[in-house]
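J.: In order, the protein sequence lines correspond to chains A and B.
Residues 2 to 267 in the numbering used here are what the first sequence lists, from first letter to last.
Residues 3 to 290 in the numbering used here are what the second sequence lists, from first letter to last.
There could be a bad hint or two in this list.
Computed spacing ranges between beta-carbons, pair by pair [said to hold, decoys possible]: (1) Gly37(B) to Leu12(A): 53 to 61 Å; (2) Gln72(A) to Arg271(B): 40 to 48 Å; (3) Tyr54(B) to Val185(A): 53 to 61 Å; (4) Lys127(A) to Phe41(B): 18 to 26 Å; (5) Ala129(A) to Thr145(B): 41 to 49 Å; (6) Gly130(A) to Arg88(B): 55 to 63 Å; (7) Gly48(A) to Val259(B): 48 to 56 Å.
Derived contacts from chain A toward chain B, CB cut-off under 7 Å, selection only [stated by the list, open to error]: (8) Arg94; (9) Met112; (10) Ser241; (11) Met252.
Not the full set, but computed from the structure, chain A residues with beta-carbon under 7 Å of chain B [claimed, not checked]: (12) Thr5; (13) Val16; (14) Leu24; (15) Val30; (16) Phe42; (17) Gly85; (18) Ile90; (19) Ala91; (20) Phe97; (21) Asp205; (22) Met225; (23) Ala248.
Everything labelled a hint here was simulated from the structure, so no lab data went into it.
Quick caveat, the model's predicted, so the values are computed rather than measured.
The beta-carbon is built from N, C-alpha and C at its ideal position, and this holds for glycine as well.
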Amino acid sequence: MTATERAATALMWCVAGLAVLFLLAPLVVAMAVSFGSSAVFTLPPPGWSLRWYERLAVTRGLWPSLWTSVQIAGLSTAISLVLGTLCAIALVRGRFSGRGAIATFLVSPLMLPGLVVGIAMLQGFKLAGLREAWPSLLAAHVVITMPYVVRTVLAALTLFDFSLLDAARTLGCSYPAALRRVLVPSLAPAFITSGMFAFLASMDNYPVSIFFTDAWTRTLPIQMLQYVEERPDPTVAAISTGLIVLAALAMLVGDRLVGLRRLAEF
Amino acid sequence: MIHDRVGWLALPAVGYLGLAYAFPLLWLLSRSVLGPDGFSLAQFTGFLADPYSWRVIGNTLRVAVWVTLLCLLVGFPTAVALARARGAAQALLLVAVILPLSVGVVVKAFAWQIVLRRDGVLAQGLVALGLADEAPRLLFTETGLVLGAANVFLPFMVLPIYSLLRLVDPRLSEAGATLGATPSYRFRRILLPLTMPGIVSGAAFVFSLSVSMFVIPSLLMGDRFQTLATLTGRSFLLMRNEALGSTTAVVLLVLCVAIVVGSAWLAQRIGRPGAAAEGRAPRPASRA
Numbered sequence: 002m003t004a005t006e007r008a009a010t011a012l013m014w015c016v017a018g019l020a021v022l023f024l025l026a027p028l029v030v031a032m033a034v035s036f037g038s039s040a041v042f043t044l045p046p047p048g049w050s051l052r053w054y055e056r057l058a059v060t061r062g063l064w065p066s067l068w069t070s071v072q073i074a075g076l077s078t079a080i081s082l083v084l085g086t087l088c089a090i091a092l093v094r095g096r097f098s099g100r101g102a103i104a105t106f107l108v109s110p111l112m113l114p115g116l117v118v119g120i121a122m123l124q125g126f127k128l129a130g131l132r133e134a135w136p137s138l139l140a141a142h143v144v145i146t147m148p149y150v151v152r153t154v155l156a157a158l159t160l161f162d163f164s165l166l167d168a169a170r171t172l173g174c175s176y177p178a179a180l181r182r183v184l185v186p187s188l189a190p191a192f193i194t195s196g197m198f199a200f201l202a203s204m205d206n207y208p209v210s211i212f213f214t215d216a217w218t219r220t221l222p223i224q225m226l227q228y229v230e231e232r233p234d235p236t237v238a239a240i241s242t243g244l245i246v247l248a249a250l251a252m253l254v255g256d257r258l259v260g261l262r263r264l265a266e267f
Numbered sequence: 003m004i005h006d007r008v009g010w011l012a013l014p015a016v017g018y019l020g021l022a023y024a025f026p027l028l029w030l031l032s033r034s035v036l037g038p039d040g041f042s043l044a045q046f047t048g049f050l051a052d053p054y055s056w057r058v059i060g061n062t063l064r065v066a067v068w069v070t071l072l073c074l075l076v077g078f079p080t081a082v083a084l085a086r087a088r089g090a091a092q093a094l095l096l097v098a099v100i101l102p103l104s105v106g107v108v109v110k111a112f113a114w115q116i117v118l119r120r121d122g123v124l125a126q127g128l129v130a131l132g133l134a135d136e137a138p139r140l141l142f143t144e145t146g147l148v149l150g151a152a153n154v155f156l157p158f159m160v161l162p163i164y165s166l167l168r169l170v171d172p173r174l175s176e177a178g179a180t181l182g183a184t185p186s187y188r189f190r191r192i193l194l195p196l197t198m199p200g201i202v203s204g205a206a207f208v209f210s211l212s213v214s215m216f217v218i219p220s221l222l223m224g225d226r227f228q229t230l231a232t233l234t235g236r237s238f239l240l241m242r243n244e245a246l247g248s249t250t251a252v253v254l255l256v257l258c259v260a261i262v263v264g265s266a267w268l269a270q271r272i273g274r275p276g277a278a279a280e281g282r283a284p285r286p287a288s289r290a
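Isolated chain A, as found in the complex (with noise of 0.2 Å):
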């Protein structure tokens, strides 16, 4: 190794070590924010309490938001979990033409800007005649989460060897069952990965989520920028903090499951 790259290669593990200190920075300040026992945001915090974890459970609205939040989030994964997986079956299986196209339309919602798809889709339900907000937000998020399904499932299907279904029927599997002991369990990591970051975009979307949100129906995101805007105190980091645990549980899940290399493909 010459002088030059030995110093390209230390400058490449500096900034790699900062990226990581960057990248993880956000989450460690909400997080010390959370337990500190200061109402304003100093760090370190004078002292370390528990006050605004316990004022989570009187915090109005906060209850129902995430309880929106997780039913609109696990019902529009599940809804594009099996579009998604058909459309990606078709894709990968017929033989018919604009297959490229169909597969760049069903991803793009993940390309466009998320604002513009909600006033779209705002404009377009009132024509279609729906104004209930709860209706709208879980129709609004099958579009939302369906990108991550289609993307992710098709990479898969594309490596799945088709013959496979074959060589199980001729050794007495029925279609069905073929389908469930062959297709089903090679596709499961997709289906994990697609699924995951499809349940958390779901949570986290507010660009979308707020031209559909009344003063009855409001999701986790929503709620809590408005805490945020109205009175900024350390209950929002200790909401913060419950989140980060949550993200850590489902990576932690995604890397039993598939391992984390396979997550970066996400």
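Given the structure of chain A, go ahead and fit chain B onto it with the hints provided.
T.: For chain B alone, kept in the frame of chain A given last:
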């Protein structure tokens, strides 16, 4: 025979997105160019005649360029390090990239509000290191916004580059060294060309995310600083000025579509000469 029928399985998803997503977008587009008497671009000429609009467009693009550059500068070495790291270092890097990706933008923007305060860790750290005489103002400045946005979008730069680097055979570089290539030559002629499609798609991703971000500037900049996205959001949510909001929404949409289409074209052009090697990922969908 069965291949023709299997195509119908695409119908539910395509039909649903067509009705709930494509139709509303086309409706929004068509209404923006249809005046009381037919086709008219009056909405846009009116918008673009206002110098304030140009300031908003300037704000949007300037911030997006800085965020993308910062992400590229930090993201490329990080992706290379991630591809080379083994064991605990690799696990740490992977966690640092993926965990923030799974935490919502409201949480991170809120945390950056705390980090960027004048009595926050960053300002005080700069003073402690002797880099600033007194705690600098960071919150509600463009510097703070760029830092916060780069933090949220960095994983979207690292991951596409990393997923290509993983496919690069390390022996290519060794072979180059054996044949007498200098490190900088190997970087320019082997590593860079093979990862260029990842760089292009990462940069396009970060750029279009920065152009469309709404929550981050709302929390880190406040009302005085408007981008196309914040102006669109405010027109609909606060000002109830749907005419202005629709115009800015369409401008934003056209901008993002141009970025997506342009970068896809660029990535394909760049990808082709290097197509012989592993640079062409076998998973085209992951590059979207």
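J.: The structure should be examined with respect to each hint, and the outcome stated for every one.
T.: Right, here's what the structure says about each hint:
1. About 57 Å separates the C-beta atoms of Gly37(B) and Leu12(A), a value consistent with the hinted range of 53 to 61 Å.
2. As the Cβ distance of Gln72(A) to Arg271(B) is approximately 45 Å, the hint placing it in 40 to 48 Å holds.
3. Separation of Tyr54(B) from Val185(A) is about 56 Å and conforms to the stated range, judged on CB atoms against 53 to 61 Å.
4. Checking the proposed 18 to 26 Å range against Lys127(A) and Phe41(B) shows it holds: the Cβ atoms sit about 24 Å from each other.
5. Between Ala129(A) and Thr145(B) the beta carbon distance is about 45 Å. The supplied range of 41 to 49 Å therefore holds.
6. Hint check: Gly130(A) to Arg88(B), Cβ distance near 58 Å, so the stated range 55 to 63 Å holds.
7. Look at Gly48(A) against Val259(B): about 52 Å separates their beta carbons, and that is inside 48 to 56 Å.
8. Against a cut-off of 7 Å between C-beta atoms, the interface hint on Arg94(A) holds, since the closest Cβ of chain B lies about 5 Å away.
9. Among the interface hints, the one on Met112(A) holds; its C-beta lies about 5 Å from the nearest C-beta in chain B, closer than the 7 Å criterion.
10. Using the Cβ-Cβ criterion of 7 Å, the hint placing Ser241(A) at the interface with chain B is satisfied: the shortest such distance is roughly 4 Å.
11. Taking 7 Å as the C-beta contact cut-off toward chain B, the hint placing Met252(A) at the interface holds, the least distance being around 6 Å.
12. Hint status for Thr5(A): holds, given a least beta-carbon distance of 6 Å to chain B, under 7 Å.
13. Using the Cβ-Cβ criterion of 7 Å, the hint placing Val16(A) at the interface with chain B is satisfied: the shortest such distance is roughly 4 Å.
14. With a least beta-carbon distance of about 4 Å to chain B, the hint placing Leu24(A) at the interface is held under the 7 Å criterion.
15. Hint status for Val30(A) relative to chain B: holds, with the closest Cβ pair at about 5 Å, below 7 Å.
16. With a cut of 7 Å, the hint placing Phe42(A) at the interface with chain B holds, because the nearest CB-to-CB distance is about 4 Å.
17. Taking 7 Å as the C-beta contact cut-off toward chain B, the hint placing Gly85(A) at the interface holds, the least distance being around 6 Å.
18. For Ile90(A), the suggested interface contact is upheld, since its CB lies about 5 Å from the closest CB of chain B, less than 7 Å.
19. Of the supplied interface hints, the one on Ala91(A) holds, with its beta-carbon coming within about 4 Å of a beta-carbon of chain B, less than 7 Å.
20. At a threshold of 7 Å, the smallest CB-CB gap from Phe97(A) to chain B is about 5 Å, leaving the interface hint in force.
21. About 4 Å separates the beta-carbon of Asp205(A) from the nearest beta-carbon of chain B, less than 7 Å, and the hint is met.
22. For Met225(A), the shortest C-beta to C-beta distance to chain B is roughly 5 Å, which falls under 7 Å, so the interface hint holds.
23. Restraint check, Ala248(A) versus chain B: the minimum CB separation of about 4 Å is within 7 Å; hint holds.
Taken one by one, the earlier hints all hold for this structure without exception.
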